[in-house]
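Visitor: So the chains spell out like this:
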Amino acid sequence: MNEIAIIIETVIKAVVVLAVVAGMAAFATFIERKVLAYMQRRLGPMNVGPHGILQLAADGIKLFTKEDIIPQNAVKPIFKIAPVIAPATAFTAMAAIPFFPEFTVFGYTVTPIISDINVGVLFIMGVASVGMYAPLLAGMSSTNKWALLGAARTVIALLSFEVVSGLALLAPLMLIGSLSLIDINDFQNGGFSSWLVWQQPLAFLLFAIAGFAETNRTPFDLIEYEAEIVSGYATDYSGMRWGLFFIGEYANMITVAFLVSIIFLGGYNPFWIIPGAIMILIKISAFIFLFLWVRAAWPHVRPDQMMWLCWKVLMPLALVNILITGIVLI
Amino acid sequence: MSLELILASSIIFVLAITIPILFVLSKKLGPNSQGNKQKNLSYESGVTNPIGGSDSRFSVKFYLVAILFVLFDVEIIFMFPWAVNVRELGFFGLAEMFSFMILLIAGLIYVYRIKALKWQ
Chain C
427 MNEIAIIIET VIKAVVVLAV VAGMAAFATF IERKVLAYMQ RRLGPMNVGP HGILQLAADG
487 IKLFTKEDII PQNAVKPIFK IAPVIAPATA FTAMAAIPFF PEFTVFGYTV TPIISDINVG
547 VLFIMGVASV GMYAPLLAGM SSTNKWALLG AARTVIALLS FEVVSGLALL APLMLIGSLS
607 LIDINDFQNG GFSSWLVWQQ PLAFLLFAIA GFAETNRTPF DLIEYEAEIV SGYATDYSGM
667 RWGLFFIGEY ANMITVAFLV SIIFLGGYNP FWIIPGAIMI LIKISAFIFL FLWVRAAWPH
727 VRPDQMMWLC WKVLMPLALV NILITGIVLI
Chain X
329 MSLELILASS IIFVLAITIP ILFVLSKKLG PNSQGNKQKN LSYESGVTNP IGGSDSRFSV
389 KFYLVAILFV LFDVEIIFMF PWAVNVRELG FFGLAEMFSF MILLIAGLIY VYRIKALKWQ
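Residue numbers (my numbering), protein chains in the order written: chain C, 427 to 756; chain X, 329 to 448.
The shape of chain C in the complex, shown without the other chains (with noise of 0.2 Å):
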């Protein structure tokens, strides 16, 4: 009777966590073209509704009413699949992120996380990189030379990234010995000073960086970029699918932002006498607009500059600064 009650409020936790971080995904998509707008000394989306809120609702119509595409020599079972992968690796990812402390309903008790695993941060990198294979799918299966080239680019960019964002995370998990993001936040409950970002400034540095590549977000967007390979992956996609794959990256921006304030940030404990729900919705609002603040300010780099970034300059970083914290902790 009790795994019942369990599940049924799990199966709840999710409906409504799919509903917010969409919507989320969405309302990001409005205000990154809001930011980057006004960073450029323009209005941005003006029509739609009081300053063009209402164009994130005109942009989803539009994408669900558009006529879905399939390229007729795509391998068709192949591509319909590849873009389902995307979303549904970015919100499996979220099951161990909590999202709030605890709080009351109606005498009822709420833990605002999914399912508290044990080796959380090692399910959210492996349920992460198994998003790896939507860009991979979709550019092999649209049998299009831009889709081909893109899909070999992401591939290469995430894997690399990858390596880099676990040596990262390796150090401050060294100093809190546990893999539970809950233990995680707990961990940094002293106060500003105790975020772990004053012991770890490198290893937050690199997992900021390997964040953005991940996301392919802007000085390492060349998955995209329109210049030299038209859209990439996506290039044979529109409608639903694409869609799909533009929802999922934006709630994979959302995941990292969540891991970057809950790992490095001091997570959702109360700071002075602003509450701790209140304390992480400003951070990943922060770590968001540094996404399109970086955007607005940055060129991006040629994928050798990007390789060499990551093999030749953080991954030593990375191992030297274990090596570091090992040292310090014995």
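Simulated from the structure, these hints should not be mistaken for laboratory data.
For glycine and all other residues, C-beta sits at the position ideal for the given N, C-alpha and C.
Treat the hints loosely; a few may be bogus.
[Claimed, not checked] Covered stretches of chain X (chain C as the covering partner; in silico rule of three or more C-beta atoms under 8 Å from a C-beta of chain C): (1) 347-353; (2) 419-432.
[Unchecked claim] Cut-off 30 Å, straight-line C-alpha distance, at most; resulting in silico cross-link-like pairs (DSS-like, lysine-lysine): (3) C:K488 - C:K502; (4) X:K367 - X:K356; (5) C:K488 - X:K355; (6) C:K738 - X:K446; (7) C:K502 - X:K389; (8) C:K502 - C:K460; (9) X:K446 - C:K502; (10) C:K506 - X:K443; (11) C:K502 - X:K356; (12) X:K367 - X:K443; (13) C:K506 - C:K492; (14) C:K502 - X:K367; (15) X:K443 - C:K738; (16) X:K356 - C:K488; (17) C:K492 - X:K355; (18) X:K389 - C:K738; (19) C:K492 - X:K443; (20) C:K492 - X:K356; (21) X:K367 - C:K506; (22) X:K356 - C:K506; (23) X:K355 - X:K367; (24) X:K389 - X:K356; (25) C:K492 - C:K502; (26) C:K492 - C:K460; (27) X:K355 - C:K506; (28) C:K488 - C:K506; (29) C:K488 - X:K367.
[To be verified] Stretch-level coverage of chain C by chain X, calculated; a stretch enters the list once three of its residues show a Cβ under 8 Å from a Cβ in chain X: (30) 450-460; (31) 490-500; (32) 504-514; (33) 538-547; (34) 705-711; (35) 726-733.
On the provided structure of chain C, position chain X as indicated by the hints.
Guide: Quick look at chain X alone, frame taken from chain C:
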């Protein structure tokens, strides 16, 4: 399999219900021209007919990076259990893992030396 992992997959079931509904609705609402040969060709920068196949060759470096990833990522997975228990394992565990990491760095230097990561 623990209960937590089963619970974590609940989100997949929710997605497995919502995404097909979205697809069916989208198909009902949108136009449909599956018979149009010209329209359903793959896109190639405005050229009407794709030139050649898409089975063109690309640099072997892509495969090399993928193989290097397998080597290094498996080693990182070995390091996770050690990182969580580093305090209990003490100095001996640290020395063992450092000798392992020296092998890792030696491998990395070898990869640099054979120019596997040098792109033209």
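Visitor: Compare the structure with each hint and give your call.
Guide: Hint check results:
no. : hint            : verdict
1   : 347-353         : holds (count 4)
2   : 419-432         : holds (count 6)
3   : C:K488 - C:K502 : 24 Å, holds
4   : X:K367 - X:K356 : 20 Å, holds
5   : C:K488 - X:K355 : 13 Å, holds
6   : C:K738 - X:K446 : 10 Å, holds
7   : C:K502 - X:K389 : 29 Å, holds
8   : C:K502 - C:K460 : 37 Å, violated
9   : X:K446 - C:K502 : 36 Å, violated
10  : C:K506 - X:K443 : 39 Å, violated
11  : C:K502 - X:K356 : 20 Å, holds
12  : X:K367 - X:K443 : 45 Å, violated
13  : C:K506 - C:K492 : 16 Å, holds
14  : C:K502 - X:K367 : 16 Å, holds
15  : X:K443 - C:K738 : 12 Å, holds
16  : X:K356 - C:K488 : 14 Å, holds
17  : C:K492 - X:K355 : 9 Å, holds
18  : X:K389 - C:K738 : 16 Å, holds
19  : C:K492 - X:K443 : 47 Å, violated
20  : C:K492 - X:K356 : 10 Å, holds
21  : X:K367 - C:K506 : 18 Å, holds
22  : X:K356 - C:K506 : 17 Å, holds
23  : X:K355 - X:K367 : 17 Å, holds
24  : X:K389 - X:K356 : 44 Å, violated
25  : C:K492 - C:K502 : 19 Å, holds
26  : C:K492 - C:K460 : 24 Å, holds
27  : X:K355 - C:K506 : 13 Å, holds
28  : C:K488 - C:K506 : 20 Å, holds
29  : C:K488 - X:K367 : 19 Å, holds
30  : 450-460         : violated (count 0)
31  : 490-500         : holds (count 11)
32  : 504-514         : holds (count 3)
33  : 538-547         : holds (count 5)
34  : 705-711         : violated (count 0)
35  : 726-733         : holds (count 3)
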